[in-house]
Amino acid sequence: MKISVKIDVCSGHARCGSLAPEIYDADEIEGKCVVLNANPPSALYAQAMRGARGCPEQAITIQDDDSQTILWPPAKGK
Amino acid sequence: MATRVIPDHVPKELIYDYDYTEATNHKADPHQALMELDENGVPEIFWSPLLKGYWVTRRYRHLFEIFRDTDNFGQYPSFIPRSEAWSEPLIPVEVDPPVHTRARRALGPLVTPTAVRRLEGTIRATAVDLIQKLADRTEVDFVNDYSRQYGPAIFLKLMGLPLDRGPEFQNLAKTLLLTTSDPNDQIEAGAKIREIIANMFDDKEKNPGDDWATKLLNAKNPDGTSAMSKKELGSMGFVLFIAGLDTVMNSLSFSFRYLAKRPEIRDKLRADRSAIPLAVEEMLRIYAVGNNVRNVRRDVTFNGVQMKKGDPVLMINAVANRDPEVFTDPQKIDLTRDNNLHLTFGAGIHRCAGSNLARMELCIAIEEWLSRIPEFHLKDGNEGLSIGGQGIGLLNLPLVLQRQ
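The listed protein sequences correspond, in order, to chains A and B.
Quick note on numbering: our numbering labels position 7 of the first sequence as 7, and the sequence is numbered without any gaps.
Quick note on numbering: our numbering labels position 353 of the second sequence as 353, and the sequence is numbered without any gaps.
The hints are all genuine.
As a list, the in silico DSS-like pairs of lysine-lysine whose alpha-carbon atoms are at most 27 Å apart:
#1 B/Lys174 <-> B/Lys192
#2 B/Lys215 <-> B/Lys192
#3 B/Lys174 <-> B/Lys157
#4 B/Lys215 <-> A/Lys32
#5 A/Lys32 <-> B/Lys157
#6 B/Lys52 <-> B/Lys309
#7 B/Lys379 <-> B/Lys261
#8 B/Lys230 <-> B/Lys206
#9 A/Lys6 <-> B/Lys220
#10 A/Lys32 <-> B/Lys220
#11 B/Lys52 <-> B/Lys174
#12 B/Lys268 <-> B/Lys332
Coverage of chain B stretches by chain A, computed from C-beta distances (three or more under 8 Å per stretch; other residues unrestricted):
#13 106-116
#14 330-341
Please keep in mind that the hints were generated in silico from the structure rather than gathered at the bench.
Glycine residues also receive a C-beta, built at the ideal position from the N, C-alpha and C atoms.
With these hints in hand, go ahead and build the complete structure from the sequences.
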C-alpha cells in the first residue's frame, strides 16, 4: 500500500490524524496532513483506509502496491 | 409583506418562496424542519424571492463543489440578508488570497491539533468551573447557565483578557448574534466589540503575554514582515470573538438535549470517554449549527442552473449532512459512525479554522458534565425553543438535575 496526499487540496481538517494516528499527523504551522508512514505494514491497512475515507476533501490517495489499483478515493464521486 | 425579488435569469420552475430563518425559528426540531424541502419535492437548487432574493442549495455534492470553487463563488458578503453590523469584509472568512493566506498563516499555528492539545488544561478548567457553579442546583437552563458562558470564558483566557469581563462579552455576543435583536442594537454591539478588540491589541503590544493576541501581533510572513496589520487584526479578532461563541454554544445545546433524553447513551459515554469524539462528530453532523453563504463571482452555469454575478447562494449544511448519497441511514443518529464526512465545518480554503478547538471544547464539556452530573432530563419534557437563520440553536433548555 502506498499513501500520498494532495497537499494543495488538504485544508487542515486533521480528521486523518484523528482517525488514524499511526499513519497521519498534522504539521505545526498550517495543520496540514503529514504522512508518517507512506508504506504501512498490512496490519495498519485498515487504519490507513479509515483515515483516508475520513478526509472531507478527499485529499488522500491510497494505491495497492502489486496491482497499482487506486483503493481510495473511489473512481467517480463518492 | 416584503417585496419578492425575481431576476430575469431565474426560470419559473425554480422559484420557491422560502425564508430559511423562519423555517428554523421556534421549532422543536429545526434540522428536521429543513428536511421538509426534500419531503415537499422542492428542486435541488431553487431561487427564493424572499430576503432580497437568493439561491438555495442543499445536496452534499453541490455544497462540496461550491465550498471549494472559490473562482466562481466568493465569500463576501457572507450573510443573507446582509446586516449593517458587518460593514467591511471580515478576515479571514470573507477575504481571498493573499490577505486570506496571511491571515491563515497567523492563525494556523494557534489552532493545529498539537496547539489545541496544549489548551486542554485551560478548557477543562473552564468547563469544571462552570459545572461546579451548578453543583447544588436542581434545575438549570443549560443554554444560559452553561453553554452561553463557556465560549466567552475560553475566548477571554485564550486572548489573555481579564476574566471578569465574561458577562459583558456574553451580552454583546448575544445582542449581535440573535436574529431577534434590534438592528441598531446589533450595530452598537458590533462597534463595541471592535473597540474592545482594538484596545486589546493596543494593550498587548505594550504588555505582551503568552496568549493568542500577542501571538497574532507577532505573526510573521516568510520574509520577516508582520503577517497582519493592526487594522486586519481588528477584523480577525472580531471574527475570532464571534466565531467560537454561538457555534459551540448551539452544538452543545442540541447535544445535551439529546443526552437529556437518552440515559443509556449517557451511561455509555461516561463509562467510555474514548467513545465521545465520534459521538461529538455525529452530533455535529446531525445538528449542523450553521448554514453558509456565498456570492456568485461571475456568470456561471452551476449543475444546469444559470447563475449571475452577485447572486447570493445559501448552502444548507443540515440537509447535506443527511444526504443519502453520502451517508448510510442518514437520519439515524449513530454515535459510532466513523466515516462521517459532514460539512458542518465547511470544506476548502475557508473551512472552519477553529474546528479542532471546537471539537475539544465539545468533548471536554461532555466528559466533565457526565462525570459530575450523570443524571439529568428535560424539565416537563420541554425541548426548548429554537432560533434559526445562518446559525441554528436553542434559546433555552430547561434541565432537571438529579442527585444520587
